[in-house]
Structure formats: C-alpha cells, structure tokens
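Produce the complete structure using the sequences and hints provided.
Number of protein chains: 2
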Amino acid sequence: MGTRAGIVVTGTEVLTGRVSDRNGPWLAEQLRILGVDVAQIIVVGDRPQDLRASLEFFRGAGVELIITSGGLGPTADDLTAEIVGAFQGRAPQLDPALEARIATIVERLLAGRGLRHDPVATAEATRKQALVPVGARVIEPVGTAPGLVVPPADGSSGAPVVVLPGPPAELQGMWPTVLADPTVLAAIAERSELRQRTLRLWGTPESELAATLRAGADRLDGLEITTCLRSGELEIVTRFAPSAQAAYDDLVALVEANHRDSMFSKSGASIDEIVADALRSRGLTIATAESCTAGLLAARLTELAGSSDYVLGGLVVYSNAAKTELAGVPVELIDRLGAVSAEVADALATGAARRLGADIGVGITGIAGPGGGSADKPVGLVHLCASGLGRSIARRVVLPGGRSDVRARAVVLSMHLVRELLAPGVR
Amino acid sequence: MGTRAGIVVTGTEVLTGRVSDRNGPWLAEQLRILGVDVAQIIVVGDRPQDLRASLEFFRGAGVELIITSGGLGPTADDLTAEIVGAFQGRAPQLDPALEARIATIVERLLAGRGLRHDPVATAEATRKQALVPVGARVIEPVGTAPGLVVPPADGSSGAPVVVLPGPPAELQGMWPTVLADPTVLAAIAERSELRQRTLRLWGTPESELAATLRAGADRLDGLEITTCLRSGELEIVTRFAPSAQAAYDDLVALVEANHRDSMFSKSGASIDEIVADALRSRGLTIATAESCTAGLLAARLTELAGSSDYVLGGLVVYSNAAKTELAGVPVELIDRLGAVSAEVADALATGAARRLGADIGVGITGIAGPGGGSADKPVGLVHLCASGLGRSIARRVVLPGGRSDVRARAVVLSMHLVRELLAPGVR
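Residue numbers (numbering that gives the first Met the number 0), protein chains in the order written: chain A, 0 to 426; chain B, 0 to 426.
None of these hints come from the bench; they were simulated from the model. Please note that a few of the clues may not be correct.
[Claimed, not checked] Some chain A residues close to chain B (C-beta under 7 Å, calculated; not the full set):
(1) VAL42
(2) PHE56
(3) ALA120
(4) GLU207
(5) THR226
(6) SER318
[Said to hold, decoys possible] Selected chain B positions facing chain A (in silico; Cβ < 7 Å):
(7) ILE41
(8) PRO118
(9) THR121
No residue lacks a Cβ here, since even glycine has one placed at the ideal position from N, Cα and C.
Shown next as structure tokens:
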C-alpha cells in the first residue's frame with residue numbers, strides 16, 4: 000500500500016459544477032511526486048455534517064495524511080477550520096497577532112482595487128479568519144486566508160489534517176510551507192518513490208492498444224497502467240516503483256513496436272510542447288485564421304510562456320465578410336463551395352500566413368452547431384488545413400459531441416496537423 | 000434530509016487531473032433538479048479496492064441511489080461493471096445479443112474514421128463490454144459502452160447503482176433512459192422539490208456581502224446560501240424548499256438594497272447571456288483585438304450558439320507588427336508608450352471595430368507573464384477598452400495569479416466592460 004493521503008475538496012460551488020476543481024488533482028499529483036498515494040478525492044458541499052463524514056471516511060481508511068481545500072473565506076458558509084478543529088478535538092481560539100496580519104493584508108487589497116468598504120464588516124470577516132484550533136500551526140496567508148496544519152488530538156495516533164484555501168494560487172503558494180512542516184513530514188516519513196511516465200498516441204483506437212497490452216501482459220508485472228482517450232489522443236500513463244523500471248522499458252518497446260506510426264510522444268511531452276519546440280528550434284513563425292473555433296487555436300498556441308517567439312497572431316473570421324477582407328478568401332470561392340469547404344480552409348491557412356507574414360498558416364472552418372447543419376454538411380463537419388514550408392496538409396472530419404466538443408476537438412486536430420507539417424519525430 | 004444520492008467518478012486520469020471531471024457536477028445538478036440531494040462526489044482511480052471502498056462509503060451513509068461514471072471501456076483498467084456487480088452480489092454474465100449490437104457499432108465507428116483495426120482485438124474488446132451482472136438492466140450504448148442499472152441483491156434493501164460511461168456526451172445521452180427506469184424511480188420516489196436561484200454581483204468584496212447576510216440573518220431561515228468569488232464576480236447561490244420562497248424574496252430585496260450598483264444578474268443569467276442578449280436585441284455587432292488574451296475573448300463571445308448574429312470576428316495581435324498592420328495601431332504610439340498602455344488598448348478597440356465594420360470594438364493588451372514584467376509595468380498589468388456607441392470605457396488593472404489566471408480574468412473583465420457600455424440594466 001505504501002503511504003496514503005486523502006483529499007477533501009470543499010465548496011457547494013465545486014460540488015455543483017459552478018467552479019471546476021483544480022485543487023484535488025493538483026494535490027494528488029504533488030503527493031504522487033513525493034511518493035504518497037492518493038486513493039480518493041472527495042468533493043463535498045458546505046454542510047458541516049457532510050464534511051465531517053468525508054473526514055471520517057479517510058480516518059476509517061487509515062490514511063496517513065488528510066488535506067482539505069476551500070471553506071476558509073469570510074462568509075458564514077466557510078466552515079472548514081472549525082469542522083476540522085472539532086474532528087481533531089481542538090477548540091477554536093482567536094489568534095490576535097494573526098488577526099492583525101490579516102487586517103493589514105485586507106486593507107492593502109481593498110485599497111489596491113479602489114473598493115469602498117465597511118470597516119466593521121471587514122473587521123468581523125478578519126476576526127473569523129483568525130480563529131485557529133488550539134495547537135494547530137498557522138500557515139501564513141498568500142491571499143487573505145491562513146492555512147493550518149491540525150495535528151491529531153494529543154495522545155492520539157490519527158492523521159494530521161492540512162487545511163488549505165480554495166483559490167488555486169493561494170493553495171499552491173502554501174505548498175512549500177506544508178512540505179517543510181515537521182508534523183506533515185513525520186506523517187509521510189515512510190513514503191517511497193513512485194515513478195510516473197506517459198506515452199501519447201494519435202489515431203490508435205483504444206481496442207488496439209488493449210490488444211497490445213494483453214499480448215505483452217506477462218512482461219508488465221509491477222506496472223499500474225491507465226489509458227485515456229480524449230479528442231483523438233490516446234494517453235498511456237504508467238506508475239511503478241523504481242524496481243519495475245525494466246518492465247516499463249519493455250512496455251515502451253512493446254507500444255513502439257506495435258504503434259510506431261501513431262506514437263508521437265515517448266517522454267510525456269504534450270502536443271503543445273512538441274509543436275512549440277519544433278517551431279522555436281527551427282526559428283519558424285505561425286499564424287491562424289479561424290472560423291468555428293473563433294480564436295481557440297490562437298489562445299492554445301499562446302498558452303505556453305514565451306510563445307511570442309513564434310506566434311505572430313491570428314484572424315478570427317466568423318463572418319464571411321471577415322474571411323474575405325481579413326484572410327483574403329475569394330468571395331467567389333465562398334459563393335461556389337460554401338464557407339465550410341476544403342478550398343476555404345486552404346485559403347484561410349495561406350491567407351493567415353501571408354497576412355501575418357508567418358512561415359506557417361492554419362485555417363479552420365466548420366459547423367460547430369447546434370444549428371447550421373444540412374444533409375450535405377452536417378453539424379460537426381470541420382475542414383482544417385496547415386500550410387507552409389512548401390506544402391500543405393488538409394483534413395475533413397465530422398466530429399461528434401456538442402458545440403464545445405466540436406470546437407475543442409478541432410483545435411487538437413489542428414495542433415496535430417501542424418505537428419505533421421513540422422514532422423519533428425517522436426519525443 | 001430528503002432523498003440522497005452518491006456519485007462515484009472513476010478514472011486515474013481524473014484523479015490525477017489529466018482530465019477534469021465534468022460528470023460529477025453535471026449529475027449532481029440533474030439530481031438537484033429532481034429533488035435528490037448529493038452530499039459528496041468521490042473521485043477514485045482505477046484500483047478495484049478503492050472503487051469498492053467508495054461504494055461502501057455511500058452504502059454506509061444510507062443514500063438511496065449511487066451513480067458511477069467511467070471505467071466501461073475495453074482496456075483492462077476498465078473495471079466498474081465487474082466491481083459494481085460484485086458489490087451488489089451479482090456475477091458477470093455474457094449478453095450475446097448485446098455483444099452483437101456493440102460489434103455493429105464498433106465496426107461502423109472504425110470504418111467511419113477510416114482506421115485500420117485488428118478483428119480479433121476488436122472482438123475481445125466487444126466481449127468484455129458485453130459482460131453484464133446477472134439481473135442488471137442494460138442501458139443501450141450511446142458510444143460503444145452500455146450503461147447499467149444494477150439493483151441490490153435480491154431480498155436486500157440497499158441502493159441501486161447506476162453505471163454510466165465516462166465520456167460526457169455518452170453519459171448525458173443515457174440520462175433520459177436512467178430517469179425512466181423503474182428501479183431508479185422507486186429508489187427516489189420520496190424526493191421533494193429543491194429550488195436553486197442565483198444572484199451575481201460585480202466588484203463587491205466578499206466581506207461586504209457577508210456583513211449584509213449577517214445583518215439580515217433573522218429573515219433568511221430555510222435558505223442554504225453559498226457564495227463564491229471568481230475572477231471578480233461574486234455569485235450567491237441559494238437552495239430552498241418551496242415553503243421558503245418568501246425568505247428568498249427577502250434575500251433578493253436585502254442584497255439589492257445593499258449592493259444595487261454591483262448586482263448585475265437577478266435571474267441567474269450569466270454575463271455571457273446578458274451581453275449576448277443586449278447585442279442581439281439592439282441589433283449591434285462586436286469585434287475584438289486581443290494581445291495577451293490571444294483569442295480567448297473572441298472564443299468566449301462565440302461560445303453561445305447563434306453568436307454569428309452579433310460577433311463579426313477578431314484580431315489576435317500578438318506581435319507589435321500585427322497590432323499595427325491588422326488593427327492600425329500607430330507605430331509611433333507603441334514606440335512612445337509601449338504595447339501595454341491605455342492608448343494602445345484604445346487604438347485596438349477602435350481598430351477592431353473599424354476593421355471588422357462592427358458597432359463595438361474591444362481591445363486588450365497586457366503582460367500575462369511569467370516573463371516580460373518590469374517595475375513600471377509588472378506581470379499582471381492589463382489595459383482594456385470597450386469602444387462604440389459614441390463612447391469608450393477603459394480600465395487599467397494589475398491582475399493576480401499565473402499566466403492563465405491573468406488571461407482568464409482579463410476576459411471576464413472585458414465582458415463586464417462591454418456590459419457597462421451596453422448598460423442593459425439588471426436582469
């Protein structure tokens with residue numbers, strides 16, 4: 000089993016999907032790197048008894064460490080510190096020095112944003128956030144809320160609970176302090192390294208991979224292999240103890256032998272990183288002209304820091320007039336073949352490159368739906384083209400799913416067209 | 000307590016954050032609409048014992064219904080049907096008719112994508128997906144995997160488990176069948192309506208709202224109020240039984256009286272819907288010119304179906320040359336004041352409107368980081384401008400967080416600038 004931790008993500012807004020949780024998986028990955036295994040993440044609303052039941056679950060499972068995120072704000076539904084204190088048998092107590100430090104932070108924050116505020120309301124909110132379970136260690140606020148390390152009740156052998164705020168930047172900012180805390184370090188002292196490696200395939204059906212893995216099963220002892228297909232990319236993530244490194248090397252050889260054409264990443268590098276490195280290392284620039292994806296590809300290409308080295312810009316050509324005037328697509332082409340056609344995708348790609356003075360242009364035109372489809376050109380039909388370096392690669396696909404799925408898949412597909420055009424080899 | 004359900008989301012890829020879960024919150028919301036309360040969502044990896052422990056947790060909690068998502072694929076790590084069967088005391092049994100139906104679907108799918116495939120591998124994968132716990136009801140596949148309704152062992156009074164596939168489109172496609180299933184309907188027969196309403200504020204600190212709620216606490220009995228601040232928007236979501244409608248009306252009046260300037264949504268309508276309706280109802284068009292957000296605003300404006308009625312297009316002006324050549328920002332302005340300046344944001348907004356022939360233009364220029372900051376112009380500095388209808392509204396902000404936070408917040412802020420420009424009133 001090794002050393003295990005439980006994660007409790009609190010907040011009705013997360014439970015109901017108004018905010019999508021980024022903390023649970025982030026914490027799970029940080030713990031994995033440390034050699035601490037996470038079996039479950041529990042997402043729980045702002046009701047005291049439900050949070051308490053979640054903590055009890057992990058106590059019952061015998062985990063060595065529990066981490067919570069969220070519920071440290073100033074409103075009445077923010078109850079985590081109090082519930083965790085009670086769970087560990089530690090009553091809340093005002094920490095006046097902490098109260099003063101939070102007050103200073105809040106003042107500065109409100110002033111910086113030029114917000115009017117009521118001093119009495121602010122003082123009450125600050126006081127609530129400075130209530131600390133007796134015997135808990137305070138982690139200094141990164142935003143306004145302090146974190147906590149709450150040890151089990153004196154004389155008890157339970158797991159300590161680390162209480163962290165909900166905003167990801169605050170939670171992540173506190174992590175180094177958590178890792179230096181003696182109570183936390185003692186709790187996870189028995190951890191052992193767990194490696195994680197990723198292979199990525201493009202265009203292989205999951206059933207084919209399953210057959211490959213079944214055929215090689217006798218050589219893969221000690222590997223925990225999970226596969227995941229999304230937007231056409233098949234991801235194989237493997238976890239193993241250092242003693243199983245040879246089995247992992249066998250797995251890589253096995254997948255490579257059976258899926259040489261589709262394996263594009265051996266190092267775990269993402270399609271984004273591979274495209275970025277290929278562009279940067281060859282000193283090439285790129286530009287986009289997007290209709291149905293309306294800027295999503297340009298946004299994706301600029302997600303990585305430093306992308307201004309190779310992204311010059313893009314055209315969002317939602318209207319037909321924009322296709323013509325910005326990207327130079329001939330009106331005649333649109334009239335004759337329609338805006339969603341291979342020829343228009345090609346004209347968008349070359350038009351983007353020419354207009355922005357880039358080496359490579361990408362054109363996307365399609366029907367994201369839900370309306371606008373016909374028998375001839377159904378919802379989900381997308382024409383894509385990557386053009387440059389003296390050639391162009393085009394694709395016509397009918398993508399499944401709703402409007403946002405079609406847009407997201409078209410972006411991934413266009414990233415792979417650019418990769419094909421650049422042909423960087425397997426990384 | 001009312002009728003309660005538990006949700007178990009399976010998949011190591013979700014647990015570790017490689018895929019962000021959309022099913023748990025979606026299911027929670029669908030159940031809420033039905034009057035079934037969800038206390039927890041458990042996210043669990045692909046290990047049999049961890050999934051089993053999660054099911055046991057909900058059995059122990061006495062919920063009336065358990066729903067799982069994921070783990071129904073053809074690879075060896077897809078174990079949900081088997082584990083749930085064992086949990087309910089029902090052995091797996093091959094359903095040959097189902098096997099034939101899945102085979103037909105898989106053939107068609109692979110052919111449609113033009114993928115080569117190995118018939119033996121495909122047959123094995125199909126067979127695995129046609130193993131059904133004895134006595135379970137099959138929900139026909141939307142993709143390739145069937146769903147299941149697995150009742151408790153005969154003579155036992157436990158909760159039925161509904162087993163659904165991981166891809167959101169497949170899971171959502173099966174939901175109507177789930178709701179028509181007699182076993183499911185019997186399990187949740189005692190449910191009672193729970194209303195949910197949302198108010199949205201822009202620019203009010205959470206502490207101010209907390210004070211408002213404390214002041215009115217005696218009138219708010221029977222309301223479960225949760226507040227959530229993100230990207231500057233403060234969301235107040237309230238759940239209540241129909242008998243507490245009067246208390247909810249009091250809450251709305253209370254918030255309106257204290258935060259009239261910042262409440263922009265009374266109906267729960269999102270900023271996206273409000274901006275879209277304001278543009279459409281007045282027959283106005285919009286265009287964008289984005290530097291640091293690089294297409295994210297254009298993509299956001301086109302998220303809603305039918306947005307081609309009012310979005311003409313946009314310019315992604317990542318390089319300074321693109322700012323000048325596409326958006327017509329004078330070189331002299333960039334040389335003198337820098338690309339990140341109020342003047343350039345203004346020039347981008349007017350340039351976008353002119354270039355695309357739109358009524359309203361939005362310009363965004365900033366330093367998303369992590370590099371590129373200076374003492375004068377720190378990382379997070381963003382200048383925004385919305386221009387049109389004879390006036391323009393500009394804002395200078397220094398946004399907290401990492402590169403993606405800065406970009407995301409700038410997009411939300413620009414949506415609110417457009418709202419201010421359109422001044423649609425509270426909806």
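Structure-based check of all given hints:
no.: 1; hint: VAL42; result: 4 Å, holds
no.: 2; hint: PHE56; result: 5 Å, holds
no.: 3; hint: ALA120; result: 3 Å, holds
no.: 4; hint: GLU207; result: 6 Å, holds
no.: 5; hint: THR226; result: 5 Å, holds
no.: 6; hint: SER318; result: 5 Å, holds
no.: 7; hint: ILE41; result: 5 Å, holds
no.: 8; hint: PRO118; result: 10 Å, violated
no.: 9; hint: THR121; result: 5 Å, holds
The structure shown violates just one earlier hint, number 8.
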